[in-house]
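**Q** Given only the sequences and the hints, what does the whole structure look like? Please build it.
Residue strings, one per chain:
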Amino acid sequence: MHATIQKPITEILRFIRPGEKVFVVGCNNCAWKCHSGGPDETKAMAERLTRRGVDVVGYTVPGPQGMSLCKLDHTRKVLQQDYAEQTRRADSFLVLGCGQGVHTVIDATDGAMVHPGCDTIFGGETVSESDIQEFCSLCGECVIEYTGGLCPMTLCSKQLLNGPCGGAEKGMCEVDPERPCGWVLIYERLRKLGRLELLDAYQPPKDHAKWSRPRRLEVSPFEATFCSQAGRVTVSNQD
Amino acid sequence: MKITKLFQRGEFVITGEVGPIKGAVSRDWRVSPSCAQEAWHLQDFVHAVNVTDNQSAVMRLGSLAASVGLKQRGIEPIFQLTCRDRNRIALQSDLLTAYSLGIDNVLLLTGDHIQLGDHKSAKPVFDLDSVQLIRMAKGLQAGHDITGHDIENPPDMALGAVVNPNFEPLDLQLLKMRKKIDAGAEFFQTQAVYDDRVVDEFVAKTEKFGRPIQLGVVMLKSPQMGAFMNRNVSGISVPRAWIDEIGSVDKADRKKKAAEMMGRFIARHKDKFQGVHIMPLGWTDVVPEILEHAGISVAAAR
Ligand code: SF4
Ligand code: SF4
Chain S
0 MHATIQKPIT EILRFIRPGE KVFVVGCNNC AWKCHSGGPD ETKAMAERLT
50 RRGVDVVGYT VPGPQGMSLC KLDHTRKVLQ QDYAEQTRRA DSFLVLGCGQ
100 GVHTVIDATD GAMVHPGCDT IFGGETVSES DIQEFCSLCG ECVIEYTGGL
150 CPMTLCSKQL LNGPCGGAEK GMCEVDPERP CGWVLIYERL RKLGRLELLD
200 AYQPPKDHAK WSRPRRLEVS PFEATFCSQA GRVTVSNQD
Chain A
0 MKITKLFQRG EFVITGEVGP IKGAVSRDWR VSPSCAQEAW HLQDFVHAVN
50 VTDNQSAVMR LGSLAASVGL KQRGIEPIFQ LTCRDRNRIA LQSDLLTAYS
100 LGIDNVLLLT GDHIQLGDHK SAKPVFDLDS VQLIRMAKGL QAGHDITGHD
150 IENPPDMALG AVVNPNFEPL DLQLLKMRKK IDAGAEFFQT QAVYDDRVVD
200 EFVAKTEKFG RPIQLGVVML KSPQMGAFMN RNVSGISVPR AWIDEIGSVD
250 KADRKKKAAE MMGRFIARHK DKFQGVHIMP LGWTDVVPEI LEHAGISVAA
300 AR
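These protein sequences, in sequence, are chains S and A. Quick note: the first sequence, position 65, residue 64 per numbering that gives the first Met the number 0, numbers continuous. Quick note: the second sequence, position 65, residue 64 per numbering that gives the first Met the number 0, numbers continuous.
These are computed hints drawn from the structure, not numbers from a lab. Please note that the accuracy of each hint is not assured.
[As the list claims (entries may be wrong)] If you want the ones that stay clear, here's a sample from chain S, every Cβ over 12 Å from chain A, calculated:
no., residue
1, Q5
2, M66
3, R75
4, G122
5, L137
6, V174
7, R212
8, S219
[Stated by the list, open to error] For lysine-lysine, the following DSSO-like pairs were computed, each having C-alpha atoms within a straight-line distance of at most 30 Å:
no., chain 1, residue 1, chain 2, residue 2
9, A, K271, A, K1
10, S, K70, S, K20
11, S, K6, A, K122
12, A, K271, S, K205
13, S, K209, A, K137
14, S, K169, A, K1
15, A, K271, S, K191
16, S, K70, S, K6
Backbone N, C-alpha and C fix where the C-beta goes; we use that ideal spot for every residue, glycine too.
**A** Written out as structure tokens, the structure reads:
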């Protein structure tokens, strides 16, 4: 999921010009889980803005619970058909969702003015209803087979691939004594699994061309093509 | 001169360390930056002097410029190069530049994280880790860059690396040390060690690694510094006994005491290592005393 946190209302207010008519859009998937843009927060945002004198022409969170704002066809139908009357009057859309959701609203409205209502912070695991943690940095070239599934690009502050730096102190990272050293976690996990030999091999530098922006994925039921600065890579999901 | 030559000759290699100034070098040739003055104090007692690379992620004069400055003043530098601020293009380019400017020794490190320094909002690079950096430097020596392209007139410098004997679990740190050796590290300097047991466990486990290792020691100037290091300096711990002993004398006598303590520590362990790396933190003038207490003849260094 994409973790998001609402921007402070003072910052959002600065985005909106005097007299601007705003339509608020939330997301029923990730932003709902983050309490940054689900149905409750979206309704509340409409009210908070209204209370502060903003002309809110409407609000919605497309689809049932679990529906992502970033699913373009659905969001377009909701904004252009179900809410046609309000969205036609809107000068801009305040999006309570991740940056992908903001862009989805641009596409769904054929290029309307948008405001980001959230900071998009990372892709994470919903560890519990109140705790979302980052375990992958979306690097495009996964190396966690040899680290027991723990990502050194994410859990190590220096993204080291061949073992720890010298800075850990009592198992904690030199950057933050409250957070475990990713390499100590990897080592302890592999030791418990009896698979320490996985760490012996030299790991070459990452291909950062696969981490170039923007990237694209073309999908079909049978194969997918990953497009990045490293080129187009097509992989079949059949035999 | 490559310090690996000294190791090969069986010499006990003594190195010191200076940090480049926060500022530029004066255009007036007669005005030497403080780091050069510190290196001057050291030069009669050590074989070479490490020049740190924006140490602790605090922005300073470049380590390469300072290394070249020492070389011009007749002091053998060990140019420290970290992965924190340079991608693989800059790292290779700096290695070629270093050799072209007369540098014979490099110490290749990961580098302290930006969060430890004075530019916390900077973008951390860490394009390569230290193992990959060493391998890349070895590749340059062999005549090709990291992508395999041939290079003209390959550089030939001694490639050093660091290891932290204080790391827990030690086996994980040694796994990395072994990878550094496989990648081409020719000598090692340890992080500061104060604990006899840490030294002995480390020595027992690395004896067969087949690379010269210099024991790293940092001058303990005061009990406050010991407490500070335990709190703030990553990967180093100072035992109670050291802190108590340096605290047992008046401020005025601390320099003498620190030299004596460090000398005794080196004396106890020198036979287990191929050299010692002394980080005097500005107290460069007592380095001869340290060596005397350690029973290392100063002439040995020159
Ligand atoms: S290696 Fe890359 S893809 Fe794999 S978990 Fe880490 S960041 Fe994600
Ligand atoms: S202490 Fe551990 S997690 Fe932190 S930078 Fe070093 S190796 Fe990475």
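**Q** Output the indices of the hints that this structure fails to meet, ascending.
**A** The structure breaks hints 6, 12, 14 and 15; every other hint is satisfied.
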